[in-house]
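Colleague: Sequence:
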Amino acid sequence: HGLATIPEEMSLPHFDAVISDIDAIEGETVKIEVAVSGEPQPEVSFFMNAVQVSERSSERVEIHRLPSSVTMLLHNVEKSDEAEIAVCALNVAGEAWCYAELFVHPSQGQYETSIHTNPCQKDVLDEW
Numbered sequence: 151h152g153l154a155t156i157p158e159e160m161s162l163p164h165f166d167a168v169i170s171d172i173d174a175i176e177g178e179t180v181k182i183e184v185a186v187s188g189e190p191q192p193e194v195s196f197f198m199n200a201v202q203v204s205e206r207s208s209e210r211v212e213i214h215r216l217p218s219s220v221t222m223l224l225h226n227v228e229k230s231d232e233a234e235i236a237v238c239a240l241n242v243a244g245e246a247w248c249y250a251e252l253f254v255h256p257s258q259g260q261y262e263t264s265i266h267t268n269p270c271q272k273d274v275l276d277e278w
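Residue numbers (my numbering): 151 to 278.
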């Protein structure tokens, strides 16, 4: 009939917990965690703007694999890390995807620096 049947001992990958959008501050460590099931155990891959990331692709990436969950840590995030995050779970039965956005904001210290170095701000305060 053209439809592939999946043997009973196999099951499609499924995200039991998916990722959601992340707001991070520059310099922080971002934690992206998914809970995944499927038979055989799915292989989980992480992508940023459609480019696969791994511990080999960046020294700032750390991936921890447990039987039911996989976590990616991205250390010392930068503004340039802003991206669509995609996570793929793949096994012989098929694949599943989930997506989220990573937003990176300047650290509070950078805001303070810009306020203190603004001469106009100081003049206004002196008038009071």
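Note that these hints are calculated values from the structure, not bench results.
Possibly wrong hints are sitting among the right ones.
Simulated DEER-style distance windows between Cβ atoms [to be verified]: (1) ALA250 to ARG210: 28 to 36 Å; (2) ALA250 to GLU176: 14 to 22 Å; (3) GLN202 to MET160: 35 to 43 Å; (4) MET160 to SER257: 15 to 23 Å; (5) PRO190 to LYS229: 35 to 43 Å.
Ideal placement from N, C-alpha and C gives every residue a C-beta, glycine not left out.
Colleague: Could you work out which of the previously given hints the structure breaks and list their numbers from low to high?
Modeller: Per hint list: 1, 3, 4 violated.
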